[in-house]
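2 protein chains.
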Amino acid sequence: MAIIVQKFGGTSVADADKIRRAAKRAISTKEKGYQVVVVASARGKQTDQLVADALELNPNPPKREMDQLLSTGEQQTVSLFAMALEAMGQKAISFTGGQIRMMTDNAFTKASIQSINAEIMHEQLRQGKIVIVAGFQGIDEEGNITTLGRGGSDTTAVAIAAALDAEECEIYTDVDGIYTSDPRIFKDAVKMDQISYEEMLEMASLGAGVMHIRAVAFGKRYNVNIHVRNSAKDIDGTIITHEVPQMEGVVVSGATVQKDMAKIGLIGVDNIPGNAAKVFAHLAKAKVVVNDIIQTEVSDEKANLSFMTSISDLDTAKETVEGIKKEIGCQEILVRQDIAEVSVVGVGMRTHYGVADKMFGALAKAKINIDSITTSEIRISCAVDEDQAEKALVAVCRAFDLDKPASERTF
Amino acid sequence: MAIIVQKFGGTSVADADKIRRAAKRAISTKEKGYQVVVVASARGKQTDQLVADALELNPNPPKREMDQLLSTGEQQTVSLFAMALEAMGQKAISFTGGQIRMMTDNAFTKASIQSINAEIMHEQLRQGKIVIVAGFQGIDEEGNITTLGRGGSDTTAVAIAAALDAEECEIYTDVDGIYTSDPRIFKDAVKMDQISYEEMLEMASLGAGVMHIRAVAFGKRYNVNIHVRNSAKDIDGTIITHEVPQMEGVVVSGATVQKDMAKIGLIGVDNIPGNAAKVFAHLAKAKVVVNDIIQTEVSDEKANLSFMTSISDLDTAKETVEGIKKEIGCQEILVRQDIAEVSVVGVGMRTHYGVADKMFGALAKAKINIDSITTSEIRISCAVDEDQAEKALVAVCRAFDLDKPASERTF
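Sequence order for the protein chains is G and E.
If you count the first sequence from 1, position 226 lands on 226 in our numbering, and the numbers rise without skipping.
If you count the second sequence from 1, position 264 lands on 264 in our numbering, and the numbers rise without skipping.
For reference, chain G alone in the conformation it holds in the complex:
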């Protein structure tokens, strides 16, 4: 019998009515002939409350204890979910991460999944039960409770779908699926029927925010079809899956904008091997996330180096480069805080030309100056003034027909 894994996030299980709605969804899927495994997050703001309780006692709580504490939120949801199902006449059993032997390393608060005992779940499914598993958590080999970090419930769901060889992993959320762009900015954005893992990874890391990047990467690695759906509606959402030939016909699948970016420029760095490596090694050590590195030679002796980072990392980044300024012979450090990045993403770019031209043209036509450009195999990103960011996104979306279904686009 085919298996469906259904993941419900915190807002989808926030109160008794929402738990009942999610439980009905699981039952209706079972009635269609599937075995159903539910993965649930902590209810609503429970995790935030527990974090606040912890910080009141210890501004720097030990990570093992933090995981011991936070894992209770999901444990509460799954037992309540099982009770709701039983009240509807559906046999059910809830499991903590530890109870299905969701084994992780011992990197508390950001553990990685190593293995899952699928047989424990299979046995319950064979008995006709719906199995509900606490997301976000596992245990290490010493029996300590670990958590996968915020958003880890998506990863739990995809990992369980992989372990059970499920037909699909459904991620329930409060939107209809993945859109070609952010509908709050480009109101004509349309829902995609499908998107490749690679595109989703680029879009997630660029701030599309619906799916967690680790879960998508996990799905890609273990061939899990991920279906992002609206928990309040009975319509298909977006399926994240492997690239299929027909996807190549779609040159640009989506466009994103990432605000709250900053750009740091190191002017007149000594042009000798190892200087760039030194800069980024120091930044990595300071845990600064760096994007879009550009290096340009200005003379035989000197080069300019720039990179982007988020505003939240800016102070640490500035401190770090100030600290090695002398060592690398840097003459001046420039910082731009009023910057945003507009990107187009599509696996079709691999085989189509002219995407960059079209993007630059659209921005020029809208009178938007491009500060810098970076590209990957399936992405083109332009840094622009932050106050022009939304206008830039709309211009790019129009240029690539992102208000139309993929089959009707002219590019």
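Please note that the accuracy of each hint is not assured.
Same chains, same names: a pair is fine if it fits in one copy or spans any two.
List of simulated lysine-lysine pairs, BS3-like, C-alpha gap at most 27 Å [unchecked claim]:
#1 Lys45 <-> Lys18
#2 Lys91 <-> Lys110
#3 Lys18 <-> Lys63
#4 Lys91 <-> Lys63
#5 Lys259 <-> Lys45
#6 Lys30 <-> Lys63
#7 Lys63 <-> Lys24
#8 Lys358 <-> Lys404
#9 Lys287 <-> Lys318
#10 Lys391 <-> Lys30
If you are wondering where the hints come from, they were derived from the structure by calculation, not from laboratory data.
Remember, predicted model here, so these are calculated numbers, not experimental data.
Take the given structure of chain G and dock chain E to it, following the hints.
Chain E in isolation, oriented as in the chain G frame:
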């Protein structure tokens, strides 16, 4: 190094300040040279809230899921407790019941402890840590979470003290210890320095309410000294321990009153073997707790049978006896609801005479009519009108000098 187990109930860990106060107590005990294990309950009203959440989804929640849910309350407390200790510079580690292999049977919501892995705790204690264990919970051999029932944290603490061969198990509460009588009724009641398990069991089952009867029975069985203390004061409380010869000099250790009792009388039951057994077998099946059974022969053919029960069980009890009234040839069923039971308890009764006389005399002098009398080896109980219950308790307390330390009593 000697070990002390300290149990803090829900009110002693209700908020951050109270957790800090309890943590300081544990540290100060460690600084006196002990290894310290803390057992903690769920914070304040957390368990009540979780029960309400469950009932909102299912008026009759599956017991396994109820235990999965309720066990999170204690898990939250122990991790927060460990964080508080670490914030004070004390190394600490928290454990769920499952993590110390607190093995129980699978009688969900009222499981019995079968074994504990003491070595897991010893190893952490040797590393200089304070170990904090979630009370009230364990796991069965399949890894399901179980709970020991309300008040189970006392039992957890005593069981851990037994497993670790601890010097003492301290039960922290909001009173100074065990009193000779209820200070709300007999305001001159004094704190006892010590009391035997047997006496405590009689007083606990008679409504003294400070210690849970299972924990006392466990302590008796495994020779654990239980020290009931006030969490807000640094003074000795009452030690519950094995009977020692000097205890015999104290004839009456305490007096209790149990209100909200009812008495059911079966008049004219056929005086044939097996009829009484039939009545109490039916009552046991209906889960009615029965006290103070009295049977009197009224003729060769007929006998009267009466017993006491709590008001909360009265309806079930009445229904049950109505159901077998014909079968046992009972002529009439009488019910008295306005009844209370006053008792005196003391291991010294075994070797002293005149206790009953003195008790009946004190009640007579106070013009209190005795409805019926029952006794055990170390207890004498009198049923009286409920509206005379408090007056009766005070009269008995005065008669046995329960306002004086044991050494100064004249009886």
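For this session: May I ask which of the numbered hints given earlier this structure violates, with the numbers listed in increasing order?
Result: As far as the earlier hints go, only 10 is violated by this structure.
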